[in-house]
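Line by line, the protein sequences give chains A and B. FYI, in my numbering the residues of the first sequence are 1 to 513. FYI, in my numbering the residues of the second sequence are 1 to 171.
Treat the hints with caution; some may be incorrect.
[To be verified] In silico negatives: residues of chain B with every beta carbon more than 12 Å from chain A: (1) G37; (2) N54; (3) A79; (4) R103; (5) P109; (6) V145.
[Claimed, not checked] Which stretches of chain B does chain A cover? Using the computed rule of at least three CB atoms under 8 Å from a CB of chain A, they are: (7) 2-8; (8) 111-117; (9) 126-140; (10) 156-164.
Quick caveat, the hints were computed from the structure, so don't treat them as lab data. A virtual CB, placed ideally from N, CA and C, is assigned to each residue, including glycine.
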Amino acid sequence: MTLKRWWGDAEPLAGKPSGAILAVGPSEWLAASNDAAAAGGQLVGLWVTPYPGSTPAAIVRAALLVDGGLLVLELPLSSTAQRYRGLQDIFPAASRMQRAAADLTGVRSDGADQRPWLRHTAWAPDAAPLTGILPTREAIPAVDSYEFVRVEGEGVHEIPVGPVHAGIIEPGHFRFSIVGEKVLRLEERLGYVHKGIERRFTELPILEGHRLAARVSGDSAVAYSWAYCQALEGLARTVVPPRAVWLRALCLELERIQNHLGDLGALGNDAGFAFGLSQFSRIKEELTRTIAAALGQRYLFDAIVPGGIAVDLSDEAAHSLAVRLGRTASLVRELRTIYDDHAGVRDRFSGAGIVSTDLARRLGLTGLAARASGIGIDLRVDSPWPPYHVITPKLCMRRDGDVAARVNVRFDEVDESCRFARALLSDLPAGPLRERVDVATAARPGVGLIEGWRGPVLIALETREAGRIHRCHAHDPSWQNWPVLEHAVIGNIVPDFPLINKSFNLTYSGHDL
Amino acid sequence: MLKTLRTIAGIGIVSEPAPPPDDALRRIEAIQSEILGVLGRALCIREIDAGSCNGCELEIHALNNPIYNIEGMGIRFVASPRHADLLLVTGPVSWHMATALRRTYEATPEPKLVVAVGDCGCNGGIFGTGYATAGPVSAIVPVDVAVPGCPPSPERLLQGILSAVAPLRAR
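Make a model of the complete structure from these sequences and hints.
Set out below in structure tokens:
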């Protein structure tokens, strides 16, 4: 009932269909968030935009996914020194987002944890990269110390891991407190690959931002570039031609399949079954080559462009891609029976890194990992955007919340995405590939929200000067899921960490920005 | 188990010969024997992500698939810089990773080679240099070979690695 009131007062959002935006005061900020949480809503992202020299001086925004729609709350602040009420007690995932916002803009919440999050030593505590021009650094900054939570007691010791890991993996630091082999606590420290992406956006013309968006997290290039274009096209009121819309969805599904294939192989390998890695990496390579032959890129970094799509498909290429997808699905089904029959693999997968449905709900677990913990949310199904509003994939969900469940969701989704991508190919509309995009300035952000292979990817784009980006916020589902990983490993043995970690396969780059 | 073996036998060997073919291939074979001649064992690579978007990592992973089969050429990835002959570094180097990269470089025994990977590793790429990024890998550690591309294909990566090793013959 109460939630209806917020929807009623809100104005339509540019970009994401079934989205709305609402300016609120401090008490409504908490009330609306509480109402959304009570209705089973989730926090998708929280970010701050400073407006130097104008009123309000900054706006805190929270994007909430509730009732299958996206509700964006705007809390204006009269000064960047003013502390706003943090949402961490309602949505625990808000804590790190608020810390990151403080690092980048200087605007702080009243949350208890005020430690820096993305900032190590590259800039000073009082400098805000998104408001002032920071000097380009000349020398390597000193290494700082971070206040990890200490676990004390007889026999407890710490294992520090990273930032450089023993493999072809992104960098980050993990601090394990253990007794014997058992993990008592894991604390993550990220921010090592902070590249100043949000600052960099403001230096690019608005019609070129999709290229940077695609590189926020390379494994989700399609999801990010689509989210960026959805936000931009919302601001510009561009109608994307149907063929481009269909091809975008095809690219998104191909990205999902490529990543799932890579993960399924790596997960087999981490369970001591090297056969899985060679088989899945072979299937992935063959699919990747077919994609390159059909669309001209092995990974679809620069396929989605403002107003449409930069790649096209001949009938012949569409046919060979469809054949390859069919072949991929049948090969993966075969391998699935081998994984299922392998006692050693089953033993490693089952019961490792459990996240119960209840914990997942409370912590705001999202995307693929949430669907493995009994939370059946997939934006393609629950909050569709074109073309998913007319052609819909099947939702894949498991309840056990362990590594096996996350593996099974991947198996299910590869199968479903292969089927769905073929359905897209058989139903490909004819027509132009790109529409002209004329962006006017706007007082409010355009927001794009796309269900990438990992989960919902959000882009909030603001322009206040023709052709320029005032602020572009990129949000990865890993923000929600990294803290849950800390819980998933509690009570597990240290040697199972790589397997559990891989079963989430979260991004560092997309998180560190 | 039977199904596993049947799959292995049914698929057979999918590995392709190293790129590029003909004369270049002969050169690579020569380099392979040089690797053995100089090092007496496989060339060991330590990969370091010093700030990448993880796109380059996708293609570096592909080097290990059975089609590129880099291990079959006598090249393998190792877990410690202390075991490495060559560092394969992706960028742009973030300032927060600069010390870790420098320390990893220092931990690698001489003679060591560094291959910078991707447009970002070569020149900072789309991220450029700024308050958070030092830009190219060469801003932090000496680089022997730089492989452009966004991301570079596995063939280009392999060519980059082999180009870095080639001068070992002269030593």
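Results of checking the hints against the structure:
no.	hint	in the structure
1	G37	holds (27 Å)
2	N54	violated (5 Å)
3	A79	violated (4 Å)
4	R103	violated (8 Å)
5	P109	holds (16 Å)
6	V145	holds (18 Å)
7	2-8	holds (count 4)
8	111-117	violated (count 0)
9	126-140	holds (count 10)
10	156-164	violated (count 0)
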